[in-house]
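J.: Generate coordinates for the entire structure from the input sequences, incorporating the hints supplied.
From first to last, the protein sequence lines stand for chains A and B.
Residue 1411 in the working numbering sits at position 311 of the first sequence; the count goes up by one each step and never skips.
Residue 1131 in the working numbering sits at position 31 of the second sequence; the count goes up by one each step and never skips.
No lab work stands behind these hints, which were simulated from the structure alone.
Computed from a predicted structure; not experimentally measured.
Heads up, some of the hints might be wrong.
Remember, identical chains collapse to one label, so a pair may be satisfied in a single copy or spanning two.
[What the hints assert, rightly or not] Listed next, the in silico DSS-like pairs over lysine-lysine satisfying Cα-Cα at most 25 Å (straight line):
#1 K1182 to K1480
#2 K1207 to K1182
#3 K1176 to K1207
Number of protein chains: 2
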Amino acid sequence: MNVLILGIDGYIGWPLAMFLTERGYRVVGIDNYDRRRIARETDSEALVETPLLQERTDKYLGFTGFEIKTYQEDCKNVSALKKILETEAIDTIIHLAEQPSAPYSMKDIESGSYTIANNVGSTFSVIQAVIQHNPKCHIIKLGTMGEYGTPNIDIEEGWIDVNHNGRSDRFLFPRQASSLYHTTKIMDTDLLWFYCRSAGLRVTDLMQGPVYGLEVYGAPNDHAFLPNFHYDDIFGTVLNRFVCQALTGIPLTVYGNGSQTRGYINLNDALRCIELSILNAPGEGEMVIRNQFTQLFSVNKLAEMVLSAASKIGIDATISQLPNPRFEKEDHYYHAKNDSFNDLGLQPTMLDQEFLTSFMNTVSTFSSRIDPKKVMPRIKW
Amino acid sequence: MNVLILGIDGYIGWPLAMFLTERGYRVVGIDNYDRRRIARETDSEALVETPLLQERTDKYLGFTGFEIKTYQEDCKNVSALKKILETEAIDTIIHLAEQPSAPYSMKDIESGSYTIANNVGSTFSVIQAVIQHNPKCHIIKLGTMGEYGTPNIDIEEGWIDVNHNGRSDRFLFPRQASSLYHTTKIMDTDLLWFYCRSAGLRVTDLMQGPVYGLEVYGAPNDHAFLPNFHYDDIFGTVLNRFVCQALTGIPLTVYGNGSQTRGYINLNDALRCIELSILNAPGEGEMVIRNQFTQLFSVNKLAEMVLSAASKIGIDATISQLPNPRFEKEDHYYHAKNDSFNDLGLQPTMLDQEFLTSFMNTVSTFSSRIDPKKVMPRIKW
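T.: Here you go:
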């Protein structure tokens, strides 16, 4: 199986490349380093500086004997992408090449415009390159649970049967997001679904919840292979941010009343979900949507768990409730399904005190690198 | 009331400018002439060549005494747009500045990419300029009935209450379109709805059916003021195309079995609907969606009506059933609501034999300009 990872330099992209090569896949990757550029421009650099791709893959080859071929390329360039698909005889694309920050998308007109152009543009490019290369090539696209928002009904996995005035039909599950970034993911889904129907494409759209974790199980023990771990207000997901705050004596920044509930997933489980998606490709013209999270938590619950784990390793952490910088409901119904991956055999890594303590110990190795200036919310909407 | 029309050079834009000035509105317009450029590039020029905006508005001033100020500008330029909003003290924007052709959006990668960038980009620019200028400025956006597609349930006006597992919520009506162009309109709606909720914008989204007609009631009798009437396969809506085909002895090009049903509207009714939308602005943070059509017809029914009207004026027209070049259902349920404008007092112009005969007589004045090469479908998807 020849897999192409778009966005291989990212938090999920690089760990996925290691994970899949170890499991026998031939992995090729593309990145345009936009994430690094944005991190520099917004003073949101990752916890651990990672080498550029060529250096990283050379080193990985030395450690493991596995080759990962990479291209520094913008996947919005359809002809370049098509050429890579053909040269590398790709049969599965993992599309992670999107601007992934909600705050960045809401920063200003330029960042918003970039987010639309990059995210919808990269998805359109992937679609067009696949149509030209081989319409049977499986596209696995990273969406977000945020596409659904927080509806007052149970969240199904992508689809819903609607009964209305005595008739019924099946539709994409209603989606209404709480940032421009999340809205571009809704657009991606609509675009992919149109080309599934009209061009017979095979698409898996993964509605992923916030991911956490620094350690990639099975990866060689060298800083060069660590994920692109962010704890800042722009790219940092909430649990990663809380852990870094606790380790440096900064009160945990809970936005609003902290009742916001989401589905979370361990980085290693996210990798396994993507492999399960590769192994369970949809048929021609089919779009499979899977909700990719393992446990539901409120922000308050996460904060409490971090406080408790911190105390176990001798840290007296505190919570600071900030006015919510985001446009989102705080008190809301939230019941989301995630049977899909469980049915495919996912063995979830549980977020519990044991994991959290170990997670904090791992991150604490890098405590001196944590910059307190990067954790407070700088963008409001 | 100071109204800004984005896309004032278009089939609806110019007639709307005349209609609104006659009714006492101060009208300002913007166009970047992209429609003219695309028409030239695709050999799809309109039936009657119309003057450029400055010449047209000068002439209109001479005929009527009404001034229409225009800017040759791209409304994707947020700062230019914002400056115009401020200079002209605009309180209502009619956003018609989109690439409106489904076939063109499916022509090739470049035209598809342009359609996404232009349509979603112009809507984003309007949103951002309004937020900076005055969030209370009413945005009236031209959507399309094609956003809904052809669902197996009744089509409501934009919203639907969904009951699911004993709970309920109200959502945007499910949408799945049958071209890239129509999909960009879905994206526009999602974008506008996000900024209604997060920035308190006031938006009317008009789900318009195919428009027909050449005559603008009340307009001065001069070719310079005729709408940008297209009968080609790229920009020509079906009834306008049928009329031109009948007049030049070309069999009416029915795509597929002709059972496709849509909601149609006379150009003059479309103008009146937009005025009714101006007069009934939503509140802050509210998005009103109105279905803008007056009558449902199948393509076969339209073709039969044109045949019958043609015979009344001594023309023996025929029908040619072509393999459907489009991705669309031919046999489908179609029951769409349009109470909204009727409730606001719209007096619909009926598409009947009398209207059709008069319409054909008007168009026949220009019969010699109809180029038979422009009517056959050139783009398939």
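J.: First find the shortest C-alpha distance between K1176 and K1207 inside one copy, then the shortest across copies, and answer within, between, both or neither for a cut-off of 25 Å.
T.: Classified as both; 23 Å inside a copy, 18 Å across copies.
J.: Cα distance capped at 25 Å. Does K1207 pair with K1182 within a copy, between copies, both, or neither?
T.: Classified as between; 18 Å across copies, 33 Å inside a copy.
J.: Given a CA cutoff of 25 Å, do K1182 and K1480 count as a within-copy pair, a between-copy pair, both, or neither?
T.: between (39 Å within a copy, 22 Å between copies)
Hint compliance for this structure: no hint is broken.
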